[in-house]
Amino acid sequence: MKGLFGDFGGQYVPETLLPALEELDAAMEEAFAEKAFWDEFSSYMVHYVGRPTPLTHAKRLSAHYGCDVWLKREDLNHTGSHKINNAIGQILLASRMGKRRIIAETGAGQHGVATATVCALFGLECHVYMGTVDIARQRMNVERMRLLGAEVVPVEGGTATLKDATSEAIRDWIANVDTTYYLIGSAIGPHPYPTMVREFQAVIGREAKQQIVELSGSLPDAVIACVGGGSNAIGIFSAFLDEAQVELIGVEAYGRGNGQHGASISFGTPGVLHGTRSYLLQDKDGQVLDTHSIAAGLDYPGVGPEHSFLAASRRARYGLVTDDQALTGFRLLNRLEGIAPALESAHAIGYLEQYSREKHGSKVVVNLSGRGDKDLHTVIGD
Amino acid sequence: MIAQAIRNHPRAVIPYVTAGLPDLDSTGRILSALKDAGAAAIEIGIPFSDPMADGPVLQKASHLALQAGFRMDDLFGRLGQWSAKIDIPLIVMSYINPLMRRGLHDTLARLKDGGVKGVIIPDLPVEAKGIHADCAAVGIDLIRLVAPTTVPERTREILAQCGGFVYAVAVKGVTGQRASLPEGLQGQVAFLKANTELPVCVGFGVSKASQVDELLGFADGVIVGSYLMDEVMKASDPAAAAGRALRILVNGVPRSGQG
Ligand SMILES: Cc1ncc(COP(=O)(O)O)c(C=O)c1O
Numbered sequence: 001m002k003g004l005f006g007d008f009g010g011q012y013v014p015e016t017l018l019p020a021l022e023e024l025d026a027a028m029e030e031a032f033a034e035k036a037f038w039d040e041f042s043s044y045m046v047h048y049v050g051r052p053t054p055l056t057h058a059k060r061l062s063a064h065y066g067c068d069v070w071l072k073r074e075d076l077n078h079t080g081s082h083k084i085n086n087a088i089g090q091i092l093l094a095s096r097m098g099k100r101r102i103i104a105e106t107g108a109g110q111h112g113v114a115t116a117t118v119c120a121l122f123g124l125e126c127h128v129y130m131g132t133v134d135i136a137r138q139r140m141n142v143e144r145m146r147l148l149g150a151e152v153v154p155v156e157g158g159t160a161t162l163k164d165a166t167s168e169a170i171r172d173w174i175a176n177v178d179t180t181y182y183l184i185g186s187a188i189g190p191h192p193y194p195t196m197v198r199e200f201q202a203v204i205g206r207e208a209k210q211q212i213v214e215l216s217g218s219l220p221d222a223v224i225a226c227v228g229g230g231s232n233a234i235g236i237f238s239a240f241l242d243e244a245q246v247e248l249i250g251v252e253a254y255g256r257g258n259g260q261h262g263a264s265i266s267f268g269t270p271g272v273l274h275g276t277r278s279y280l281l282q283d284k285d286g287q288v289l290d291t292h293s294i295a296a297g298l299d300y301p302g303v304g305p306e307h308s309f310l311a312a313s314r315r316a317r318y319g320l321v322t323d324d325q326a327l328t329g330f331r332l333l334n335r336l337e338g339i340a341p342a343l344e345s346a347h348a349i350g351y352l353e354q355y356s357r358e359k360h361g362s363k364v365v366v367n368l369s370g371r372g373d374k375d376l377h378t379v380i381g382d
Numbered sequence: 001m002i003a004q005a006i007r008n009h010p011r012a013v014i015p016y017v018t019a020g021l022p023d024l025d026s027t028g029r030i031l032s033a034l035k036d037a038g039a040a041a042i043e044i045g046i047p048f049s050d051p052m053a054d055g056p057v058l059q060k061a062s063h064l065a066l067q068a069g070f071r072m073d074d075l076f077g078r079l080g081q082w083s084a085k086i087d088i089p090l091i092v093m094s095y096i097n098p099l100m101r102r103g104l105h106d107t108l109a110r111l112k113d114g115g116v117k118g119v120i121i122p123d124l125p126v127e128a129k130g131i132h133a134d135c136a137a138v139g140i141d142l143i144r145l146v147a148p149t150t151v152p153e154r155t156r157e158i159l160a161q162c163g164g165f166v167y168a169v170a171v172k173g174v175t176g177q178r179a180s181l182p183e184g185l186q187g188q189v190a191f192l193k194a195n196t197e198l199p200v201c202v203g204f205g206v207s208k209a210s211q212v213d214e215l216l217g218f219a220d221g222v223i224v225g226s227y228l229m230d231e232v233m234k235a236s237d238p239a240a241a242a243g244r245a246l247r248i249l250v251n252g253v254p255r256s257g258q259g
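Going down the list, the sequences are from chains G and H.
Heads up, the first sequence is in the numbering used here, so the first residue is 1 and it goes up one at a time.
Heads up, the second sequence is in the numbering used here, so the first residue is 1 and it goes up one at a time.
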């Protein structure tokens with residue numbers, strides 16, 4: 001089977017979609033082999049997204065934790081998160097394939113905004129599926145998507161969050177497979193998506209590796225990133241996979257603990273959701289469980305298959321941060337560094353508390369995947 | 001056994017019923033009513049939390065059945081009684097995750113023990129050879145779906161690993177009723193029939209007696225799900241409603257003048 005990461009990944013999809021996945025796989029392989037494609041991607045990264053993003057030495061945060069903390073500033077990207085890297089890459093691919101109707105799912109709304117943005121930029125029709133629960137808690141991003149000309153389609157089914165928005169996007173794709181490009185927002189889904197999304201997000205890792213060596217003189221002891229579907233994490237991990245001395249740590253949402261969380265790797269078992277086999281939060285009948293995280297982008301019961309492989313093969317480890325610890329991280333980064341992180345990214349910051357107790361004095365790169373403007377009302381509790 | 005039941009039926013209609021809606025006692029009564037109404041075989045749908053190939057009606061049916069407390073073990077406990085009483089083939093339709101959760105082979109074996117004759121999995125992995133072999137080892141038919149988008153080469157590969165009947169997906173899209181069926185359907189079915197000995201049955205989108213009549217003109221059987229479950233969910237007596245709805249489909253549209 002194509003797109004396997006050890007026992008994980010693959011293509012578990014309705015037969016109707018299979019030719020579309022094959023077309024996509026072929027288009028991806030062709031594009032990835034062309035220097036011109038990557039030149040164009042890089043040009044958008046520099047002149048539209050604003051890359052390279054800085055690597056900020058967080059001196060006051062370092063003093064607070066007793067660790068040497070460096071922040072990879074994906075929050076400074078155009079549209080406010082790493083999601084735009086993938087959206088640009090995939091819209092270039094969609095254009096090559098001649099697709100003019102774009103659909104996407106979104107949780108926090110960051111991927112929805114990124115997709116609506118690239119559709120505006122390329123003059124393409126855009127429909128974004130979003131759970132009604134997420135629409136309520138990420139209002140600002142809903143309005144941004146509408147301003148960008150996208151239709152935001154509310155999804156009420158199931159738990160009305162990211163997983164249901166993803167299912168609904170897949171249903172749309174099945175029905176409109178000839179005309180439509182499904183611009184998935186994380187390193188999840190059937191092959192070729194997990195590989196494709198990793199390659200577009202790998203720009204984070206390439207830059208971070210070069211920057212940390214230039215600025216600090218050596219590789220870090222650890223790289224830390226939050227894991228929802230796993231795209232920002234796999235993006236930054238990818239450059240360090242072959243550096244065995246660099247510890248890779250993904251941070252999952254532990255929510256309120258007690259069964260109410262989004263920690264698929266920590267608490268899940270292998271299962272199939274949205275076309276891929278990976279760790280999944282499910283009951284003993286294989287029904288997918290409800291999840292909870294204060295961060296809408298981490299509120300997903302599955303995880304990208306490559307993370308399952310990295311966990312099973314112990315190349316990476318996956319830690320837990322609760323809603324409250326993430327909020328503490330959010331406040332701390334505001335106070336000590338003048339940066340408001342997205343609540344998703346605040347999980348990676350929150351993990352420093354545990355990490356610094358274990359590994360006092362170590363040098364770490366934390367992927368600050370997005371900025372927190374969208375989350376202010378959640379934090380303030382209006 | 002499945003193939004024979006379809007071939008021997010003058011108007012093979014195969015109803016789909018979500019298990020456990022509103023409870024498994026009712027499912028048992030619905031199955032009997034469908035058999036009495038002339039079903040050629042019956043698909044028992046295992047509810048799933050994330051039914052990505054289903055439209056609103058079957059999503060709702062799945063959701064309600066799970067809310068009502070559907071459990072796999074309860075279903076396994078009933079299958080034997082049902083298949084002993086109902087002398088047409090029972091087929092299970094399920095997304096792959098509930099089947100794999102406790103080991104695919106063991107789950108298939110439990111279905112077989114319950115008298116189930118075939119299994120339909122809408123999200124099989126692209127390479128399903130191993131699962132086909134598992135089904136063969138257990139002695140259960142793996143009924144494969146062929147979509148309107150499936151290319152000839154892939155179709156032949158699917159047909160080589162298919163048992164019971166071939167499930168021709170009528171529409172590009174999820175399950176659910178459609179006012180009309182696509183034009184290329186007859187050609188699609190003809191191509192399948194030219195490439196297999198198995199009966200070819202059409203499903204997805206069928207909702208009216210007139211569509212069933214039209215489809216039985218060129219296909220060996222017709223699968224009806226959303227239309228039936230819609231009736232079941234609306235009714236105060238689900239079994240009676242299911243029987244009534246199916247009888248209309250099996251008997252066909254009366255010719256004008258004949259009543
Ligand atoms: C800022 C930010 N970080 C992280 C995530 C989680 O996604 P992933 O794990 O794919 O990076 C999201 C998702 O919406 C996000 O908006």
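Simulated from the structure, these hints should not be mistaken for lab results.
It is possible that part of the hints are untrue.
Claimed, not checked - Straight-line alpha carbon distances no greater than 27 angstroms define the calculated DSS-like cross-link-like pairs of lysine-lysine that follow:
#  : chain 1 : residue 1 : chain 2 : residue 2
1  : H       : K60       : G       : K284
2  : H       : K193      : H       : K172
3  : G       : K284      : G       : K59
4  : G       : K284      : H       : K112
5  : H       : K129      : G       : K284
6  : G       : K35       : G       : K59
7  : G       : K2        : H       : K60
8  : H       : K208      : H       : K193
9  : H       : K208      : H       : K234
10 : H       : K234      : G       : K2
Here's how the hints hold up against the structure:
1. H:K60 x G:K284: holds (22 angstroms)
2. H:K193 x H:K172: Distance ~20 angstroms between K193 (chain H) and K172 (chain H) Cα, so the pair holds.
3. G:K284 x G:K59: Roughly 47 angstroms separates the two Cα atoms, so the pair is violated.
4. G:K284 x H:K112: holds (20 angstroms)
5. H:K129 x G:K284: OK: K129 (chain H) and K284 (chain G) at ~26 angstroms, within 27 angstroms.
6. G:K35 x G:K59: violated (39 angstroms)
7. G:K2 x H:K60: violated (33 angstroms)
8. H:K208 x H:K193: It holds: about 24 angstroms lies between the C-alpha atoms, which stays within 27 angstroms.
9. H:K208 x H:K234: holds (17 angstroms)
10. H:K234 x G:K2: violated (44 angstroms)
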